[in-house]
Amino acid sequence: MSNNKNPLLPHLATLENVIDLTPDVRLFQIELNDADFKAKFDYKPGQFIFVSAFGTGESPFGLTSVAHRKGPIEVAVRKVGTVTSSMHDLEPGAAVGVRGPFGNFFPMDQFKGKNIHIIGGGIGFAPLRPIILTILDHRNDYGDLFILNGARTPSDLVFANEFDTWAAAPKTRLELTVDAKDDNWTGRVALIPAVVKELQLSPANSVAIICGPPIMIKFTLTELKKLGFADEQIVTTLEGKMKCGLGKCARCNVGDKYVCKDGPVFTFKQISGLLEQF
Amino acid sequence: MSKYISKKDLNSWLNKVRDNRRLVAPTKVDDLILFKEISRVEDIVSDYVNTDLSPKEFLFPPTEVLFSIEKKNGGVELTPARVEKETVIFGMRPCDAKGVVALDKPFLEDPTDPLYKEHRDKTALVGISCLKACAECFCSSMGSGPDDPSGFDIMLTEVKDGYLVQVLTEKGKALLPDSTLSESGEAKPKAAEVATVPAKDVNVKLRQNFEDPYWNRLADRCIHCNMCSYVCPTCYCFDIRDYPNKGKTDRVRSWESCQSAGFTKIAGGHDPRANKGTRMRQRFAHKLLYFPEQFGVSHCIGCGRCVKSCPVNIDIREIIQDVQKLGAKGE
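Residue numbers (our numbering), protein chains in the order written: chain G, 1373 to 1650; chain L, 53 to 383.
If you're looking for bench data, these hints aren't it; they were derived computationally from the structure.
Treat the hints with care, since some could be wrong.
[What the hints assert, rightly or not] The calculated lysine-lysine pairs, modelled on DSSO-like cross-linking and capped at a C-alpha distance of 27 Å, are:
id: 1; chain 1: G; residue 1: K1377; chain 2: L; residue 2: K124
id: 2; chain 1: G; residue 1: K1451; chain 2: L; residue 2: K169
id: 3; chain 1: L; residue 1: K317; chain 2: G; residue 2: K1633
id: 4; chain 1: G; residue 1: K1633; chain 2: L; residue 2: K169
id: 5; chain 1: L; residue 1: K223; chain 2: G; residue 2: K1377
id: 6; chain 1: G; residue 1: K1377; chain 2: L; residue 2: K300
id: 7; chain 1: G; residue 1: K1410; chain 2: L; residue 2: K123
id: 8; chain 1: L; residue 1: K300; chain 2: G; residue 2: K1451
id: 9; chain 1: G; residue 1: K1590; chain 2: L; residue 2: K317
id: 10; chain 1: L; residue 1: K157; chain 2: G; residue 2: K1377
id: 11; chain 1: L; residue 1: K317; chain 2: G; residue 2: K1451
id: 12; chain 1: G; residue 1: K1633; chain 2: L; residue 2: K157
Given these sequences and hints, build the entire structure.
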């Protein structure tokens, strides 16, 4: 929870760097202005922040960096609406606002000793990167790491500049897939659920974490269950329209839960127990 | 013996209140009785069963600046809004005070909403119990009642030529000191008879029959005008946006309704509640199931305003009765 006394008032921050990840996704590296707050600012994989593009508004984004690396706060933002378009217009040095971190997080402690399957589609891959970075930085704590990153086209794959590092890490396998190839692509052309089926991911001592568009999650879930994964072995994040992140605006209310407070991380066992299906 | 104030003394007290505070009370606006800031005590009306709108807007305004944003010397300066004036809301009915009690729950729970809290801290609620009920009232079934003092700082009960007075809080005591009051042996008049609705355990029934096609059938006639949310004393869903204002930007909070299309639509186009049936169910599930289970109080206070204002006669009293019957054999 934010240390700010007024939880709706953003902390002022500075855009340190903007990196193009795909034609419509940029990585925003943000430094908090207040040294005291910056020193206290801690967050875990799966949590999110609100970023203000002052003059346009603010939107929630899953954190894609990890706190333990002590670098800038990172969010990967796809240009899709008014706030994200404004953000894409910002240049390094611009003033932005940060509220958070909010929400629960991936239970990295419970994942220890297990084989981890990371399955991300499009921009949905962004909140999964902190899991990968945490595992790579504490490699002996976890079992085998399988990463499946899928996108519409090769140029839409996020974090391409890190693929070599991930693939070269011990006990780690990286698979990439696209819906439609371009002239240079020699890799897989298949939908994510089909890849999951083809590779026969093993549920033994493992956990699968899926993030992506609802339709991809739906069919990937079906394949994982056919392979023997139990609902409590499959973890995802829910998305919800959000305005406050505090459980007050009631926009992300799903059944008797709030995505912002009770989530965004849920196991499919928890999701199937929700009154309402999102 | 009870504490008593004559109508004449009450008027001079209201005049004093108005001198150094914002006095908000029911007054006639065209054909409606609405809460407005009062400049002349004579404009306050007392011959109403209930006001057409609750005074929710004085604690949680329809649109309110949260803070202003000013770009200065390459940086940004944020100035949070403050509540300047102390306010006394006079003439509320017990249902609306119960509405404030409900409104307090999400806004005052940790982390507290500082602007709402400031409104609340600087506002005293002075109510008048109900000797008459309107046709749509059902407060006694929703955890309130025509003479329920909860939420008030001071509650008055009308008797001949004056009011019996219950001073309920320290804030009330400071506002209306004992020296202003006299003693009266007059018996407390009988509170209004209020129609009842079988609301007991409706949360359980709603949970059990969550997927019932009832909600889609009911929503067929909804024209999503959002009136139900806007007249409701407890609805609190909100939106936050930036608006330009004379070279600066205001970050503004405004009322939003779960009935409006797009309420849950996220970037990228996915909308988990794209159809009217799921939105209609959300309204009643929030009022009768989620909120009561989360905070221990009903989120409908039985004022009947949504019943009166719905252009297609969607009636929460009927819905409560229907939900009680859902899943029963023969349905």
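Discussion item. Check the hint pairing K1377/G with K300/L against an upper bound of 27 Å on the C-alpha distance.
Written reply: Holds, because 23 Å separates the two Cα atoms, which is no more than 27 Å.
Worksheet item: Are K1633/G and K169/L close enough, with their CA atoms no more than 27 Å apart?
Response: holds (21 Å)
Worksheet item: Taking 27 Å as the top limit, are the C-alpha atoms of K223/L and K1377/G close enough?
Response: holds (25 Å)
Discussion item. With the threshold set at 27 Å, check whether the alpha-carbon distance from K1590/G to K317/L stays at or below it.
Written reply: Cα-Cα ~18 Å, so holds.
Practice prompt. Given the hint that K1451/G pairs with K169/L, test it: the Cα-Cα distance must not exceed 27 Å.
Written response: The given pair, whose Cα atoms are some 36 Å apart, is violated under the 27 Å limit.
Discussion item. With the threshold set at 27 Å, check whether the alpha-carbon distance from K317/L to K1633/G stays at or below it.
Written reply: Measuring from Cα to Cα gives roughly 19 Å; hence the hint holds.
Item to complete: Please work out if K1377/G and K124/L have their alpha carbons no farther apart than 27 Å.
Response: holds (23 Å)
Worksheet item: When you check the alpha-carbon spacing of K1633/G and K157/L, does it fall within 27 Å?
Response: holds (16 Å)
Item to complete: Decide if the proposed pair is consistent with the structure: K317/L and K1451/G, CA atoms, cutoff 27 Å inclusive.
Response: holds (16 Å)
Worksheet item: For the pair supplied as a hint, K1410/G and K123/L, is the alpha-carbon distance within the 27 Å limit?
Response: holds (22 Å)
Worksheet item: Quick one, are K300/L and K1451/G close enough, alpha carbons at most 27 Å?
Response: holds (25 Å)
Item to complete: Sort out whether K1377/G lies within 27 Å of K157/L, counting only the CA atoms.
Response: holds (19 Å)
Against the hints set out earlier in the document, a violation occurs for number 2 only.
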